[in-house]
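Q: Chains as they are written, first to last, in my numbering: chain A, 94 to 288; chain B, 94 to 288.
In short, the hints are calculated from the structure, not lab data. As the structure is a computational prediction, the values presented were derived from the model and not from experiment. Some hints here could point you the wrong way.
Because identical chains cannot be distinguished in the list, a pair is counted as satisfied if it fits within a single copy or across any two copies.
Within a straight-line C-alpha distance of at most 27 Å, the following computed DSSO-like cross-link-like pairs (lysine-lysine) qualify [claimed, not checked]:
#1 K185 / K157
#2 K223 / K138
#3 K247 / K138
#4 K248 / K164
#5 K223 / K176
#6 K211 / K270
#7 K155 / K196
#8 K248 / K138
#9 K157 / K196
#10 K207 / K155
#11 K248 / K190
#12 K196 / K223
#13 K185 / K234
#14 K138 / K185
#15 K207 / K270
#16 K247 / K157
There are 2 protein chains.
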Amino acid sequence: MINYPIARKKHEKTNNRANLGMTLESDIESTNTYYLVNDIAVIHKKPTPIQVVNVSYPARNKAKITEAYYKTPSTTDFNGIYKGHYIDFDAKETNSKTSMPLKNVHLHQIEHLKQVDKHGGIAFLIVHFKQYDEYFLLPSKVLFAYWDLQNDEKKGRKSIPYETFKNEAYLIKFGFKPRLDYLKVIDTYYLAKLK
Amino acid sequence: MINYPIARKKHEKTNNRANLGMTLESDIESTNTYYLVNDIAVIHKKPTPIQVVNVSYPARNKAKITEAYYKTPSTTDFNGIYKGHYIDFDAKETNSKTSMPLKNVHLHQIEHLKQVDKHGGIAFLIVHFKQYDEYFLLPSKVLFAYWDLQNDEKKGRKSIPYETFKNEAYLIKFGFKPRLDYLKVIDTYYLAKLK
Chain A
94 MINYPIARKK
104 HEKTNNRANL
114 GMTLESDIES
124 TNTYYLVNDI
134 AVIHKKPTPI
144 QVVNVSYPAR
154 NKAKITEAYY
164 KTPSTTDFNG
174 IYKGHYIDFD
184 AKETNSKTSM
194 PLKNVHLHQI
204 EHLKQVDKHG
214 GIAFLIVHFK
224 QYDEYFLLPS
234 KVLFAYWDLQ
244 NDEKKGRKSI
254 PYETFKNEAY
264 LIKFGFKPRL
274 DYLKVIDTYY
284 LAKLK
Chain B
94 MINYPIARKK
104 HEKTNNRANL
114 GMTLESDIES
124 TNTYYLVNDI
134 AVIHKKPTPI
144 QVVNVSYPAR
154 NKAKITEAYY
164 KTPSTTDFNG
174 IYKGHYIDFD
184 AKETNSKTSM
194 PLKNVHLHQI
204 EHLKQVDKHG
214 GIAFLIVHFK
224 QYDEYFLLPS
234 KVLFAYWDLQ
244 NDEKKGRKSI
254 PYETFKNEAY
264 LIKFGFKPRL
274 DYLKVIDTYY
284 LAKLK
């Protein structure tokens with residue numbers, strides 16, 4: 094037991110790392126709830142797709158799933174409507190101080206965001222640089238440019254530099270209500286241009 | 094083998110009844126796939142929300158969910174983007190020849206569709222009258238009118254009459270490719286008006 098505090102600290106750290114994705118996700122979800130109850134936008138997180146294999150029906154109880162597996166999603170995690178515009182995005186976190194690795198993004202997410210973009214939706218990523226505690230809205234076109242070049246030996250790279258975020262993405266203010274006001278960025282940098 | 098065609102027919106009929114919910118859903122999903130691969134629209138079914146309680150990690154295998162429960166969704170099943178418009182709907186089936194019972198629709202679906210409507214999206218139900226094998230696109234405003242009146246002793250009723258579908262909903266053609274071309278209805282009755 095003499096090592097308990099240290100062990101606990103270690104454990105907490107592990108937990109933090111494991112749940113960091115959860116934290117960004119729950120900050121976005123609480124923001125979406127704020128948008129919903131204040132009649133600002135209707136944006137929801139899609140449930141994680143799960144393949145159900147076995148279900149048991151204990152008497153007088155609700156159905157209990159006893160065997161199931163996670164499936165690969167075919168879209169991003171968040172979508173909805175804001176001021177008549179279709180909104181679609183995913184959330185990413187990185188511990189790096191210098192860049193967001195492209196391996197954080199999956200091919201199906203890129204393909205989906207490209208389709209959304211093509212059909213007139215507003216597509217982006219919300220990226221959390223944990224070391225700076227900064228949140229950025231990264232426009233899809235910046236993401237696509239880096240993604241499409243990544244296998245180019247001369248121009249390609251496997252990550253999007255932090256400098257690119259500073260120059261070509263938009264900082265999202267972290268606050269109390271809402272937690273992450275990403276629609277303010279949409280107002281300023283997307284919708285203002287449409288007027 | 095002499096009975097094969099009859100047996101097969103019976104089997105199909107049983108299958109049809111058991112899976113009718115599934116069938117309408119899969120007809121819509123195959124339609125959405127058609128829309129996606131032909132670059133017409135990006136509309137997906139949302140996964141069923143599941144609360145995962147226990148997961149085991151068998152060695153060298155992927156995570157196995159061993160205890161989980163179905164959760165009540167907070168939205169409709171389908172949403173996406175078509176020609177820049179946010180699209181949101183649910184699918185319903187009825188065996189009745191005279192009406193669609195309102196108990197087929199859940200309060201959270203009505204609330205969600207109302208929010209979508211308010212924010213400028215295109216909200217509706219796709220309703221299958223199985224006895225006639227007819228598919229209708231029921232505009233949200235017709236649905237809301239019946240829903241909001243259902244507890245009114247004088248004017249209210251617990252279902253939407255088939256006649257109302259004939260007069261105020263739009264027939265969706267059932268075909269081969271795509272199976273249920275509901276976006277054609279959107280073109281004709283929604284987007285044409287916007288021009």
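Q: For each hint, tell me whether it holds in the structure or not.
A: Evaluated hints:
no. : hint        : in the structure
1   : K185 / K157 : between (32 Å within a copy, 25 Å between copies)
2   : K223 / K138 : within (22 Å within a copy, 33 Å between copies)
3   : K247 / K138 : neither (38 Å within a copy, 40 Å between copies)
4   : K248 / K164 : neither (34 Å within a copy, 47 Å between copies)
5   : K223 / K176 : neither (31 Å within a copy, 37 Å between copies)
6   : K211 / K270 : between (32 Å within a copy, 22 Å between copies)
7   : K155 / K196 : between (40 Å within a copy, 20 Å between copies)
8   : K248 / K138 : neither (35 Å within a copy, 38 Å between copies)
9   : K157 / K196 : between (35 Å within a copy, 24 Å between copies)
10  : K207 / K155 : neither (40 Å within a copy, 29 Å between copies)
11  : K248 / K190 : within (22 Å within a copy, 64 Å between copies)
12  : K196 / K223 : within (17 Å within a copy, 47 Å between copies)
13  : K185 / K234 : within (16 Å within a copy, 38 Å between copies)
14  : K138 / K185 : both (14 Å within a copy, 23 Å between copies)
15  : K207 / K270 : between (31 Å within a copy, 24 Å between copies)
16  : K247 / K157 : neither (54 Å within a copy, 43 Å between copies)
The earlier numbered hints that this structure contradicts are 3, 4, 5, 8, 10 and 16.
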